[in-house]
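**Student:** Chains as they are written, first to last, in our numbering: chain X, 1 to 186; chain Y, 187 to 362.
Bear in mind the hints are in silico, worked out from the structure with no lab data behind them. Mixed in with the good hints there might be a few duds.
[Said to hold, decoys possible] In silico DMTMM-like links for lysine to aspartate or glutamate, alpha-carbon gap of 20 Å or less:
#	chain 1	residue 1	chain 2	residue 2
1	Y	265	X	17
2	X	89	Y	193
3	Y	266	X	17
4	X	171	X	81
5	X	171	X	75
6	Y	215	X	38
7	X	67	Y	193
8	Y	315	Y	290
9	Y	257	Y	247
The model shown is predicted, which means the values in this text are computed figures rather than measured ones.
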Amino acid sequence: MAPVAPRSGDAIFANIERVNAELFTLTYGAIVRQLLTDLEEVEEVNKQLEQMGYNIGIRLIDEFLAKSNVSRCVDFRETADVIAKVGFKMFLGVTASVGNWDAEGTCCSIILEDNPLVDFVELPDTCQGLYYCNMLSGVIRGALEMVSMKTEVTWIRDVLRGDDVFELQVKLLKQVPEEYPYKDDE
Amino acid sequence: MVREVAESCVDSLLTEMVASYCNRFYANKPELAARRIEAIGYQVGHQLSERYTMERPRFSDHLEAIKFICKDFWTELFKKQIDNLKTNHRGTFVLQDNKFPWLERISIDPSTDKVNSAEDDSLTTAENKAASTISMHLYYPCGIIRGALSNLGITCAVTADISNLPACSFVVRVKA
Numbered sequence: 001m002a003p004v005a006p007r008s009g010d011a012i013f014a015n016i017e018r019v020n021a022e023l024f025t026l027t028y029g030a031i032v033r034q035l036l037t038d039l040e041e042v043e044e045v046n047k048q049l050e051q052m053g054y055n056i057g058i059r060l061i062d063e064f065l066a067k068s069n070v071s072r073c074v075d076f077r078e079t080a081d082v083i084a085k086v087g088f089k090m091f092l093g094v095t096a097s098v099g100n101w102d103a104e105g106t107c108c109s110i111i112l113e114d115n116p117l118v119d120f121v122e123l124p125d126t127c128q129g130l131y132y133c134n135m136l137s138g139v140i141r142g143a144l145e146m147v148s149m150k151t152e153v154t155w156i157r158d159v160l161r162g163d164d165v166f167e168l169q170v171k172l173l174k175q176v177p178e179e180y181p182y183k184d185d186e
Numbered sequence: 187m188v189r190e191v192a193e194s195c196v197d198s199l200l201t202e203m204v205a206s207y208c209n210r211f212y213a214n215k216p217e218l219a220a221r222r223i224e225a226i227g228y229q230v231g232h233q234l235s236e237r238y239t240m241e242r243p244r245f246s247d248h249l250e251a252i253k254f255i256c257k258d259f260w261t262e263l264f265k266k267q268i269d270n271l272k273t274n275h276r277g278t279f280v281l282q283d284n285k286f287p288w289l290e291r292i293s294i295d296p297s298t299d300k301v302n303s304a305e306d307d308s309l310t311t312a313e314n315k316a317a318s319t320i321s322m323h324l325y326y327p328c329g330i331i332r333g334a335l336s337n338l339g340i341t342c343a344v345t346a347d348i349s350n351l352p353a354c355s356f357v358v359r360v361k362a
């Protein structure tokens, strides 16, 4: 049977169950606020947001692979493209772009202009150092780890801190080739 | 055009929020975890209620406010209304949802590989675990209702009743 063609982010998004983004945005905001109250230290909140994102990412990847029919990416360039064009679109309804590749092709930036997480959000001065969207970096790290890529994901630009876009740097640290349980010639 | 996201985003976020508060931040302190989850819901409910009633005149009485929660508010959140509303006309309201969407989609993972017919204990433990996970999740919509009503000037306590699954009831007790 011929392999099913991968679906575009728009097509997937049009076909899945969607909800009013407001509930999502407000829930995320309430969680961040509660974390700030309970954990007090901004650095700790950043860390927990990333961890929560990671926990979500390791599960979300299954849904992603099931719904997108994306086949194994040939290289990291393709991976980054798929995250930006398909991943962001099918979950958050927005498209990101990829840029700032390094010479080896193992490090790039994912740039997001439109971000539902931050609708109507303003950071008070007391939150210096907070990476409000840090859950996103965890999601990407977790999802990629499940497809055998160990990455480091860091914020380069953040609109809530005064920049014009969100820019996440994704650096491929290690690619662990998948081990097949059986040898091919058996 | 109202902005949308995938439903699974909300589901994943809620599941992870409950898991983090129960298993990591307040592990072994379910009371505290529950209160935090409810508090997060309260904030969301309050803000949503504010948004959804911006262009309306104030509700004439408690019953009208509760009806708003059952119909318009619930529809905005869950694309369906509350199925049944009961009241004793003395400040207690029971909002019954026969098919509460979040309850349907919570992934409860009874450890089926640990179930041993000779050990009834492990089955009960799995059931208990499932029940307590459900309860924890329900603190969040209870908080949403409490927050929404608070924005409408009504102070109350909200608890969930799952004695009649798959139906889920939210019991609102208005404080005088």
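**Student:** For every hint, state whether the structure bears it out.
**Tutor:** To see whether the hints hold, each was checked on the structure:
no.: 1; hint: Y:265 / X:17; result: holds (11 Å)
no.: 2; hint: X:89 / Y:193; result: holds (13 Å)
no.: 3; hint: Y:266 / X:17; result: holds (14 Å)
no.: 4; hint: X:171 / X:81; result: holds (14 Å)
no.: 5; hint: X:171 / X:75; result: holds (13 Å)
no.: 6; hint: Y:215 / X:38; result: holds (14 Å)
no.: 7; hint: X:67 / Y:193; result: holds (14 Å)
no.: 8; hint: Y:315 / Y:290; result: holds (16 Å)
no.: 9; hint: Y:257 / Y:247; result: holds (16 Å)
Figure legend: structure checked against the earlier numbered hints; every hint is met.
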